[in-house]
Amino acid sequence: MTRVSSGPAYLNEGGLAQIEAALRDLRVAAPVTLLPDTLVAAGLADQYTSLHTLVGPVFVAWNGRGVSALTLAEDPAVFETRFRAEFARPISRGRAIPDQLGRAIQSRLAGDRLVKVPVDWRGRTSFEQAVWKKALEIPAGEVRPYSWIAREIGHPKAVRAVGTALARNPIPLVIPCHRVVRADGHIGEYGLGGPTNKRAILAAEGVDIGSLEQMAQSGMRYLGSDTTRIFCLPTCRHARRITLRHRVSFPSEMGAQAAGYRACKVCRPAVAA
Amino acid sequence: MDDQLPMLLGRDLDAAFERLVREHQARVFSIALRLTGNASDAEEVAQDVFMRAYRALGEYPPERIRELRLRPWLATIAVNLGRNRFRRHRPATTDLDDIARSRAGDLAAGDRDTPHHEVARRESTAHWQRLISALPDRYRVPLVLRYVDDLTFTEMSEVLGQPLGTLKAQVYRGLRLLRAAHDSTERKELSA
Numbered sequence: 001m002t003r004v005s006s007g008p009a010y011l012n013e014g015g016l017a018q019i020e021a022a023l024r025d026l027r028v029a030a031p032v033t034l035l036p037d038t039l040v041a042a043g044l045a046d047q048y049t050s051l052h053t054l055v056g057p058v059f060v061a062w063n064g065r066g067v068s069a070l071t072l073a074e075d076p077a078v079f080e081t082r083f084r085a086e087f088a089r090p091i092s093r094g095r096a097i098p099d100q101l102g103r104a105i106q107s108r109l110a111g112d113r114l115v116k117v118p119v120d121w122r123g124r125t126s127f128e129q130a131v132w133k134k135a136l137e138i139p140a141g142e143v144r145p146y147s148w149i150a151r152e153i154g155h156p157k158a159v160r161a162v163g164t165a166l167a168r169n170p171i172p173l174v175i176p177c178h179r180v181v182r183a184d185g186h187i188g189e190y191g192l193g194g195p196t197n198k199r200a201i202l203a204a205e206g207v208d209i210g211s212l213e214q215m216a217q218s219g220m221r222y223l224g225s226d227t228t229r230i231f232c233l234p235t236c237r238h239a240r241r242i243t244l245r246h247r248v249s250f251p252s253e254m255g256a257q258a259a260g261y262r263a264c265k266v267c268r269p270a271v272a273a
Numbered sequence: 001m002d003d004q005l006p007m008l009l010g011r012d013l014d015a016a017f018e019r020l021v022r023e024h025q026a027r028v029f030s031i032a033l034r035l036t037g038n039a040s041d042a043e044e045v046a047q048d049v050f051m052r053a054y055r056a057l058g059e060y061p062p063e064r065i066r067e068l069r070l071r072p073w074l075a076t077i078a079v080n081l082g083r084n085r086f087r088r089h090r091p092a093t094t095d096l097d098d099i100a101r102s103r104a105g106d107l108a109a110g111d112r113d114t115p116h117h118e119v120a121r122r123e124s125t126a127h128w129q130r131l132i133s134a135l136p137d138r139y140r141v142p143l144v145l146r147y148v149d150d151l152t153f154t155e156m157s158e159v160l161g162q163p164l165g166t167l168k169a170q171v172y173r174g175l176r177l178l179r180a181a182h183d184s185t186e187r188k189e190l191s192a
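Protein chains in written order, with my numbering: chain A, 1 to 273; chain B, 1 to 192.
Chain A with its partners taken away, still in its complex shape:
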């Protein structure tokens, strides 16, 4: 076995010092993108870009954990300032949204609620997350009252807190908080540009807002079928299939149940028996 010393003597043997110097010259500086990209991947910084949506251009921010914010695009500087104030993280304009994430967001905006969009949930309470995840269960073209979310997540009395959580939704459209409306027929507030935008998005998804409001104004909340004796929330896909001559309206769950109707197991207007 060849014994080798660690001192410089063996390196000078046969001109090896020249090789050593050539190898040392192979050290290079890191690319300028490595640090910012690594911080974004770790979720310690975010990038953003603008996307075109039904309600106009929006800014979408993301990091390695998922989408972190979505808001109307007024001015990049204003957006960056607000983002830093809310999230206390650096943000910069990204070259482009990562392909997979971009495709998932576009699918979600197009109404596909089942496509997986990673979301950065840090700093959000478990209650808020439960509210937003429940809102994701509402299909495009349908709406649910705030009280429905409250009951579904096991906090039937926390209707006002559900409203607050939905108002704090950091990624509207991706989490479809616009599909949650007031039980009294009012469309309700909307963080992404107010009720006008909410109305426009729901109409584009196929919700007949006029009929919904008209029904609520007449005091009716549920629709039933006298053939199946099942009652639903008015925008439930099963309610929309009931023909006019078999359609029955109810002002309350108790009224429907007293008439011998059971709750739909799809839209769950009440705790199904």
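Keep in mind the hints are simulated off the structure, nothing from the lab. Treat each hint with caution, since some may be false.
Claimed, not checked - Far from chain A, by Cβ distances over 10 Å, these chain B residues were calculated:
{"#": "1", "residue": "Leu5"}
{"#": "2", "residue": "Gln25"}
{"#": "3", "residue": "Ile77"}
{"#": "4", "residue": "Asn80"}
{"#": "5", "residue": "Glu155"}
What the hints assert, rightly or not - Partial list, derived from the structure: chain B residues whose beta carbon lies under 8 Å from chain A:
{"#": "6", "residue": "Arg34"}
{"#": "7", "residue": "Asn38"}
{"#": "8", "residue": "Tyr147"}
Here a beta-carbon is modelled for each residue, glycine too, at the ideal position from N, C-alpha and C.
Since the structure of chain A is already known, use the hints to place chain B on it.
Only chain B this time, still in chain A's reference frame:
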């Protein structure tokens, strides 16, 4: 450089992580580049190294982080990932006999307007990169750690899990192999 950083990482990982990347990015990228032989692969590997480090540090108790020797620890991750990437995307040019023929091709059309010394430097880098890429792992990795990353033999022993004597022999043999390959290409160029 490493003195305070482990303590800061143990105290507040998110606050100190940027400093970790800033201080070690050049050496991690250099190891990755010299092991993979490809800049875009190297950037991905380097980012992966830091992400793995971040996730690991997130799970280690603060006392373990404080005791970490960051240079060999990061080098260990970089070697493992760089070596795997190299095996998956091994550069086509591994035959030392091809080197002389391909050296002329280094001077691409884009280099025409570049100052002569810069072109020469690029050519030299490409030449040595090819020679290193053609070496077997057992010589290539110790040479990169010893000369590109400037690790001590003790640190290399920590990274590669091999005795000092073995590593010194591998470095020595690796240097001699490089010398022979380099001389061979020089002779071929002269006779061409």
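Next item on the list: Mind listing which of the numbered hints don't hold for this structure, in increasing order?
Entry: Violated hints (numbers, rising): 2, 7; every other hint is consistent with the structure.
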